[in-house]
Amino acid sequence: QQQVKQSPQSLIVQKGGISIINCAYENTAFDYFPWYQQFPGKGPALLIAIRPDVSEKKEGRFTISFNKSAKQFSLHIMDSQPGDSATYFCAASLPYSGAGSYQLTFGKGTKLSVIP
Amino acid sequence: EAGVAQSPRYKIIEKRQSVAFWCNPISGHATLYWYQQILGQGPKLLIQFQNNGVVDDSQLPKDRFSAERLKGVDSTLKIQPAKLEDSAVYLCASSKRRGGTEAFFGQGTRLTVV
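So the sequences go chain by chain: A and B. Going by this note's numbering, the letters in the first sequence line up with residues 1 to 116, in that order. Going by this note's numbering, the letters in the second sequence line up with residues 1 to 114, in that order.
Just so you know, not all the hints are guaranteed correct.
[Claimed, not checked] Within a straight-line C-alpha distance of at most 30 angstroms, the following computed DSS-like cross-link-like pairs (lysine-lysine) qualify:
#1 B:K44 x A:K57
#2 A:K57 x B:K15
#3 B:K15 x B:K96
#4 A:K42 x A:K108
#5 A:K42 x B:K83
#6 B:K62 x B:K78
#7 B:K62 x A:K71
#8 B:K83 x A:K111
#9 A:K42 x B:K96
Quick caveat, the hints were computed from the structure, so don't treat them as lab data.
Pulled out of the complex, with its shape left as it was, chain A reads as follows (with noise of 0.2 angstroms):
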């Protein structure tokens, strides 16, 4: 059962342009939704992250929009650059219990290339 699901599978996005992300989820206890950046031959690097108390989070281009009654986020990628080409996951996880992991549950990914 996927938990987290994840859309687009890749984009193309133009130098400059918006790049946006969207995940949504199915399990209403989760309670911290990070992004990760992935480069090719190397692991999931923290983007940036949110809690559902908040519906917006920004760093720098990087923007989370939280929309708890839909059960759904996305990455906004301000003025997309190359070097931002990527395969970009969403995740989620549930509060720790005390009693067993804080473990991630993982979107399938998005491949972002950015043209110039």
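Use these hints to put chain B onto chain A, whose structure you have.
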């Protein structure tokens, strides 16, 4: 600060052979994770350690996969015997504590089973 170290970077084995991967987490990080990333998919958690104890191994195929973290630092993940469907990138990650903090990933080991 040194990152998460993994070795080897690449491994090609025949099916039914065994293979082991090694991970050295960031110094001071008590929590260590092993993830499996199949081509075109997001990482999937296999096992999580807190110090040298297993916190969650519910998604680890225990008939063929095993993992240990001796002395609460380095960890090894073993597959025996390997199957074709085990071809994937095996990622190790670590974090300072359970829950709510950033997990830092290593570069991974790309396993090809032929």
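Structure-inconsistent hints, enumerated in ascending order: 2, 3 and 7
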